[in-house]
Structure formats: structure tokens, C-alpha cells
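Peer 1: Please build the complete structure, drawing on both the sequences and the hints.
Chains as they are written, first to last, in our numbering: chain A, 3 to 161; chain B, 90 to 839; chain C, 77 to 362; chain D, 3 to 83.
Derived by calculation from the structure, the hints in this document are not laboratory data.
One thing to keep in mind: the hints can contain errors.
Said to hold, decoys possible - Partial list, computed: chain A residues near chain C (C-beta under 10 Å): (1) Asn17; (2) Cys60; (3) Ala135.
The beta-carbon is built from N, C-alpha and C at its ideal position, and this holds for glycine as well.
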Amino acid sequence: MMAGIAVSTNINGDNAEFLCHADETLLDVLRDRLGLMGAKEGCGTGDCGACSIILDDCLVCSCLVLGAEAEGRRIETVEGMAQGDQLHPLQQKFLEHAALQCGICTPGFLIAAKDLLAKNPDPTEEEIRFGLAGNLCRCTGYDKIVRAVQDAADVMRGA
Amino acid sequence: MNFDPSHSKRSFSSVGTRPIRPDGVDKVTGRARYGADFNMPGQLVGRILRSPHAHAIIRKIDTTKAAQLPGVKAVLTAADLPDLTNGDAAMYDILDNCMARKKALYDGHAVAAVAAIDARTAKQALKLIEVEYELLPHVTDVDQAFAPDAPLINDTIFTTGVDPKPDRPSNVSMRSQFGHGDVDAGMARADFVVERTFKTEQTHQGYIEPHACVASVSSDGTADLWVCTQGHFVYRQHCAQLLGMDVSKLRVTSSEIGGGFGGKTHVWAEPVALALSRKAGRPVKLVMTRDEVFRASGPTSATSIDVKIGALKDGTIIAADATLRYSCGPYAGAWAEVGAMTAFACYKLENVRTVGYEVLVNRPKTAAYRAPSAPMAAFAVESAIDELAKKVGMDPVDFRIRNAAQEGTNASYGPIYGPIGIGPTLEAVKDHPHMKAPLGKNQGRGMACGFWFNFGGQTCTDLNIGMDGTVSLAVGTVDVGGSRASLSLVAAEELGIDYSQVRAVIADTSSLGYNDMTDGSRGTFSSSMATISAARNAIKILRERAAQMWDIPVEDVTWENGHAVAKGETHGNLPKLSLKEIAAASGTTGGPIAGHSEIVADGAGVSFATHICDIEVDPETGATKVLRYTVVQDAGKAVHPTYVEGQYQGGAAQGIGWALNEEYIYGKDGRLQNAGFLDYRIPVCSDLPMIDTQILEIPNPNHPYGVRGVGETSIVPPLAAVANAVSNAVGVRMLHIPMSPPRILAALDA
Amino acid sequence: MRYIRPSSIEDAVGLLAEASGKAAVLAGGSDLLVRMKGGFIEPELIIDIKAIDALRHITESEVGFVIGAAVPCAVLGENAALRRAWPGVVESANLIGSKQVQGRCTIVGNLCNASPAADSVPALVAAGAKALIRGPVGSRTIAVELVPVGPGKTSLAPGEIIEAILLDKRQPRSGDAYQRFTPRTEMDIAVVSAAVNLTLDDQGVVQSARVALGAVAPTVLLVEEAAEILTGSRLDDETLDRLAAACSGACRPIDDKRGTVEFRRKVAGVLAKRVALAAYQRAGQK
Amino acid sequence: MVEVTLWGSLAAAAEGNSKVEIEAKDIRELFKRLNERFPGLEPLMERGIAVAIDGTIYRDTWSKELPTGAEIYLLPRLAGG
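Peer 2: Printed below as a string of C-alpha cells:
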């Protein structure tokens, strides 16, 4: 009765297959079965955004997705942002602006910011603040995060 | 100690720059390993069963069914944790808090634990544990618990610090008192007096990473603990003592830490994980859920504070008096004591008295939260000061400047101050453009001051120079917010090499001598002091080696900008030797080159800040919006200014959250109603404006570079700054934190 | 526990009926997974309806809009025609949780969760939306306000699934609006909420109105007295004050961790005024 | 001989003396003499005491010398966050 569900999916451009239980979240699958520890569990209830991933171009909390739902979908995690040793502009700007202190929320913020800039390449400060409101940060007061996203947006637009 | 820690004026080349942190790339690529990101082969999953009752005798625990469930490898109760504390009351409280012994003392108190092959089995096993409770009357409110007829939480608690000694137990574990002069006589002379009672609710540090550890105990008595903590040496000490292990056989490795703010200075589940592993004979991973973090780690005190301040017509504060009641959970604490010490620390006062009462309540054991106890006291005092300034007819900044403490002032908590920054932060605020910006309708501006002691303490650092001339720095204070970058800068500065040539790591407890925790804003202060001392020890060796290489007396060798330089008439023409050249030759000149340092980093300089807040209040709903916020704080010397700003901004944001919406809400049943991030409302990105910062540098004379701690002070002024802003916006004095919309609306309608 | 992803609504209904109360329907999962995590429910079967093509679209016809049960709230915001016709409904759906949650959650899920504080429900009730229900014995359509019957409880019979939400085509000079009160700007649950839907005549006089309040009673309230006050008016100050009083009076709130009785009662009136003005302005522009 | 000031609660436990003259050359000796003279201080001393010498706070350094004429103030030991 506990037979695993076989799931085929695509993670950061690579095909992946795994077995999971019906009630297992995608976050648990990523971390415990696939060894992708970038997404963090801060709450497990969709309230902190630390486990954010992009699922078929849609930003979601992986703690609110079942592993079984990943069948046939495309998943992007923080591990897929850098190309080889070339950091994504958001990653680079987070470092330059010191937009992280403890860093536990950083993977979620990077993914949420990536999704935000994909949909709105030139956001205002207010749009950034509301766009990232699903991600909690307790260290920075958000100031340097917002600045890093603004700066990265400029770089990505070639401004 | 061959090390002079006193400040000398110098110019810096590395210190004060803003390079990228050494652990940065790992943290933006998801590679950094936090508490829950570590696994051991064969590991089990640990889970804890918690009391749903606020106060209950544990009559019986039947674990038979749980133990029989296939996949369960260990079941644990207090019976498995014999009392080895040997009369140490503080340790006994920690033991009892880790696993309730006779009574469950709060909603969330651990009563049993299991280790099983996977999470679902562990969860199922918890349901099979049968606990028989006998419910007792409970009390969760600090004022109700303080009342003489309150339900008694611990019948061994007799108030200390009162004369005569009480003959019956109560919920007040200690009375403490500070001050000097004659407050009553001073108050009698006052032309204006403000007297108010303030209340603040309990808050949580709200770190995003839940407590997590992996424990592995071998049958030969050795053990490993991987854990997110602010102090792995302290965790080792506590776990070893509670479990009867040899300190040196328990190796504790601190993972990357996802925030602590004081909440990861105390052991909660770690001794349980070790005990489970010992019983099961396998590694055990134990990760708290968010619900457990709120219910069963260590939030702040809730407080109730009476303040009375009197001033003369000319604006001199002539007397100041405060009585502070702080909740400390169900165990004795010393939180009001700290509040009583900090309350009036910003001011030069002839007559001052503060009295603190530690109050037991059926809530989780209070833990430190960033400048613990100071924000609540500052809220009460700075609110009253603002009101008093109005009565006297003075501008609130000028009123504070007139009464600010200075070098030579006797602090309200006792000793005299050295060079301090309260005056300069106030002068900077007075001149700040923020203070002159116009305000609109329903908007108000508030400002407030804050103080924190800062700590030093035991510190140990190793600095090892590789054969290629690069430096590895092993530090024992956990890096929560970028201290590895700062300490690398300090090592580079002292050795005279480039920042990129240094790599700082946090060493485990087997690799370095004892270090106190990263608390009390001591991380960069004390470890930089130890790093400088270690670097100077290394330089001494480098000079000896250069002398050997040149075959000249070591007295003729100096160290300048990363090079050995030969001095004197006879060797003046020798070309200087770089650190890299000396390192390359080290194999033939006496072996590896290293500098070590073991110090007690005394002399942490006190820290002051002044904050300005603009807020808009919707008078119809009580909704608030922070429009602008400015932090001015003394850093002594900012080693990495970007991370100093980050500390200022983070503390301010936490304080704003506390001021406006964060609070523990208990039901009549004594249960916590909002144990999650949805209803425990820490500020989100769209709740805040940019937070402007201004770093002042008034050197700490007791540190070679003038460094003071910077981490904590920034959370002290915001409660009062925001409250003063709201009070100015609505014209009603706000007395209860958080100023949630229902409270603001109720105050307006009162 | 089993997980099944049926490809037709008939299969879904069949599975649900067969499981006799021990199955849970998964669309967005933003409530279901939280309740499972907290141990509040332990379904034996999870029926994921997102593979049912008919439930994944918003269709516009001559009579109005059909919003499939598996359409995430974020997608509502991306539909220009819907946004134009029912801006209040769309803004309510785009206030639920965070961007991450909006990428998953659905208005049907919001409705079936039957929380008095659900954001999209007052807007749907004010809009006069209907729920298209499919069950073992066929289909039926009921007004949205008849779905929740108390906190966490719905009127759905065993085996029934809400297939879609139906919204009428818009008459000219109509507008709707929704606002909620939350202590935080985002990521929060409504302490009080209000939705107003109006149609004006060509003189700018309110011809018909619907007013709904959330988080002030065990279920979302449709306040008919408030609608009557608005009808025939141009939303002058006196009308708005009467509206506020009627809405405050209609509340049957409780004290809880999110707000007090007094607060909810007062702010319900405040929000009703603000929302009525917003709806009136929108109606006037069309 | 040094003059030592005790904080309020400590003074109460030291028979009401807020200032005490003591023959002590370092912190260790100071603690020893205080304990001898005022046995009532024991519980407070056990909980931990810090010594401020001319405003600089020392927590663990027994060997720290007490210069004559220095301002010496006893304080409770604190926890930080």
C-alpha cells in the first residue's frame, strides 16, 4: 500500500526520475531524494518563501507542491541559476550589495527575483517590494535585497 | 598576555573596505550547508512529543505501543535523562526544559521523543505515546502572574533580593535594583513629572532556519553533533554535562546558521537528539517544525513597566524611576535585571532608581533576543522622555542632548563611561535632513535613543600561514552575518597582505580552544582582537625567520606592509622579504609558521544609537505605514561598513516589526494561537521603506582598531521611535506594544 | 495514501464518491497541503484535478465567464477580458497569500476551504457568481454564497466537486471592487473584508448593488440592507455613512488572534464605504 | 586598599553597604575578601559578577589588578543575544 509513485521530471534542464510517496512534498523530494539542498524549509506552510522554485514558469513554494505533481513538468531551482562558474547577475549583485547576512532566505529570494524580472524587467521599487513579499528575510531589513534586484535588473536589461 | 589591546590611532588599508564575503558564492548557489542540510549514513529521524497543556502534572507516560511500532528504534522520556546537574540550578532548568520531568510547564513543553527509520514512522509513533496529565491552573500574563494570588508555577521559587527573605514561594524569582542619588528628594524638586505604565508583548527572534541537528553517539563514548548554533563550544559544554559525557569526546560542528539573534544561544532539542542516538545506536537527525520553533524555543519577555521621570524648568532631568516586570517563562531568569540596567543608560542622572522583577509564567523559557531586555525598557523610558520634553517645552532632540551621558558620567547602572557615542548620535540626528523633511496629514515623526553593553569574553583563534604565503584563519565564534569577511580583513590588515590571501573558517570544537558564543555583539569585537593578537604572534615568527634567512639579529628586523625589512646601518641595503618568500622557506627555517591567540577579550565598548521614524496612520482603521527610517549608530570602527549597515538595518526592521505587529497570542486555555509565520507577522518586504544608515566612529580605547560591537544596539530604539511617531501622528500616547491596528483604533476611540 | 490524477471530471467524481469521505481534491493545494502537514486531515486518497483539461481554462462566452476549478489565481490576473469585466473579483484573487501561493491557489479552493476570511469569496458573492457543481447524480448550479455553511464546512454532498465558477457578462456602467484589512501589506489573512458590485443608470444613479463582507461572521455575509441603501443613490456622504452603519450593524464577529469584535465592526463600515466608492468610480468609467 | 561600589541588590545583600573598602590587589582577591566579609553575597556571587575598573568591564579575568584610586564597580554578569 506504500508503493512509491514513479515520477519523471526535468530539473534545471536535466531529466530526473524519482520515486515518492503520495503525501511527500516536492521540497522533501528535492532535498531528501535528489540531494538538491538549495531550497530550504523555513515553515513548511507557504508562509516564508525559502523553498521557492519555478514550476513550468510559475513561481511556487515547493512545500505546497506534491512530489507526484512534478510528473512531466519543468523545475528550476537555485542550483540551476549559475552557468558553470558564471554567476547569474542576480547572484552577483546579491554578493556585491551584501544582500544576504545569514543567507538562509537567499535561494528563495534569488528564485523569486528571477521570476519577477522575467515578468517585469524594469520594476519600480514598489513592484520589487510587493513582488518579493512572499519571501521573508529576518536579517537585512530588505534594503540591500531591493537594491541588489534593482541593480541586477539594470544589468540584465543592458542599461 | 603578550598583547596590548589598547587603541592606537592608525590608518587602515584593508579595514574599512567592502569586499565580497568569503562564504558568499556558496550562499547564492545553494551550496552552503545549514543545520538541516547534513546527513549521516544510517541516520534516523527524531521527533518530539509536546504538551498541549500550559500547566499539568505528568502522571504517567506509556511508551509501550510506540516502542513496538516497526521502524521505531528508540523512545525517550525524562526517565532516560537522569539528573546529573549536581545542584546547578540553571543547568537543571535547561534539563527540565529539554524534557519535562514532573510537570509540563507550557504549551509545547517536550514530554517524550522518538527516533524512527523515517519521518512518517516517527510521526505515527508520537501518536502512540500515551501521556496522562493532571491539569493545573495556569497563568500566562506577566501582570497576572505577578499578583499575589496567581497560580503558583514552581513551589521552590522564593524571591531573592528582598529583605526579609519571603516565607512562601511565589512567581517572582528575583528582585534587583540599580541606581544612585536620592530619587524621592529629586522628584520632589521637579517642575514637571511624567508618570506612565507601559506594556510590551512577547516576541520571537523569528530566524528563518528552524533548529536542526544531526547527533551521532558511538558505543565507545565518542560523539559528533552537527548543529546550527550561535555557540558550538557552549552547546558542547551543556550537552556533555546533561548527558554525562566527556567534553573532549563530543565534537560539535557548527553548520552555517540561518539566523539566531539570541535564539540559538540555548540548547533545546540537541541533548534529546544525542540521547536518542545513544539509545538507538545510530545517528539521529532532529529538525524542529516552525510550529515547534514558536512554541518551544526561547522568545523574549513580555513586560509591564512603570516609569516616572521629573525635570526642572531648564530641561534638566532631576530624577528618574522605573519598576520593570519581565516574564521569564516557567524558570528563574535575569531579564528584568538587564532591563533595569539599560533603562536610563543614555542619560546623565543625579538621582536614578530602577527595580526589576523576574516573573514566572506558563510560557516557553525566555531566551536572549538581540540586546535582550533593552528594547522594552527603552520603549518605556524614551516614550516618557518624549512626553516630558513636550511638557518642559523643549524639542525632543535638544532635551535629550541636554541630558545625555558623556565621558565621565556615572552610568545609571553604575560604572563611569569612557568615550561614548550618545551625544554624537544625537547631534548627527539634529543635523540630519530627515529631521527637517516636511510631514503630511496623519503623519508623525518620532525619534529615540538606545544603549547596549556589548560583550567580550573567551576567544581563541589560530592563524596558519601556508607554504605559498596564503593564510588560513580558524575562528571559534560562529559567523551569523558576515564576520568571516571582517576577520579576514583584520588578518590582512595586520599582516599587511591582500584580503584575497586570507580564508577564514569556523573551526569545530575539536580543532580550537574554547570560545564563548556569538552573542552580546562580541563576534567581530572579540575575534578580531584575537586575530590581531594571533597575527602579531605570527609576525614575531616571520621576523625571526627573516632574520635567519638574512643571518642577522631579529631585533634588526621590522615588519612593514607585509614584508620583513632589515634595519640598521649594516643591513639597510638588504632587499625586503615578502611574507610569501618567508613562507616558502619555512621548511628549512624551523617548520610551519602560525600565530595562535587565546584571550579574554575584555573591554568591549558600550554602544549607542539614535533612530528617526516617520509614520502615517490611517485614523479610520489604525493601519500604519512606515514612510522613512534613519539609523545613526556608533560602530567604534566599522571593519566592513556594508555589514555594519546591514546590522543597523536588520535590527531596525526587527524593532519595527516588534513595535507594530509581532506578538505571541495566548488563548484562555493557555495555548499559543499563532505559532506560524502567517499570524506571527514579521515585516515583509512591502511593509518597509529603505532604511538609511549613518555610521559614527568613536573609537573604543580597549580595542587595537577601536572596534565596538554593532549587532544588537540597533534593535533598542525602534520600539520607542515608532511609538513616538505614532503618538505624534494621532495625538494620543501609545502605551502598549505592539501597536497593532486594533490597539491603535482602541486608543483613538478611548 | 494514494495519489491519482484523473483525466476527466467523470472519473474524478467517481473516485470521490467511491472513497466515501476519505478523499481530498487537490487543485492548488495551498490549503490542503498545509492541513495535511499540520495533521488536521489524513486523506487516504488525493485526487489531483489539474490534468482535467476542461478545468484548466477560463472561457468567455455570450453569457459570461466560466473559470475552471483548476485555474490558479495568478492566471485570473493575466486574463485581460476578465480583469476588465470583473476587476474586483480579480483583485481579490490576487490578494491571496503571496506570488508563490497565487501561482497555485484557486478561487474554487478558496471557496471550498470555507474560511470566513477567504479573500475571493466576498468578491464572488458581490458579483453574483455561481458555482457549477458536478456530482454522482449529475450537475447543479447554485449561488456561491450557498456553498460555505460555516467555518470549514460546505453544502457540497458527498462525491460532489465544484467544476467551475460562473460570472455573468457585464452590463454597461457596472463596476466591482474588493478590499480587505490586514496588518501587513501582503502575506496576510483578512481581518475584515468588503466587496461591492454596482450597476449605474446613465445618470450615474445606482440601479442595482450587491454588498458582501468577509471575516465578520461564520460565513461571508451578503448584506441586502446595504445594497438597498446604495440603490437609487449617487453615493453621497449621507448614503455612505448609512452604508457604513448598515455594514457595521450586520457584522456578527468574534474576538480572535487577528482582531477584536469592536475593530471588525468599525472597520467593516470603513471598508464598505471605500469599496463602494471604488466600485462606483469603476462603473462610471464604462 | 580599594573602594568598591556595589549595585543595588548586591548592596542589600552586603548589609546595606553600597561602598566597601577592601584590601585586595586583584579581582580574585576582591571576590575572596567580599565573600569572607559578607556571607550573604554568596548566591549573587555564584550567579556571576563582573567588575568594572574605571568603566571597563571584566568578566573572567581574576588576575586583573585593581589600581589604587580606580573607580571599581561590581555588576551582575549578563547574557546577550
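Peer 1: Indicate, hint by hint, whether the structure satisfies it.
Peer 2: Against the structure, the hints come out as follows:
no., hint, result
1, Asn17, "violated (20 Å)"
2, Cys60, "holds (4 Å)"
3, Ala135, "holds (3 Å)"
The structure fails hint 1 only (numbered hints given earlier).
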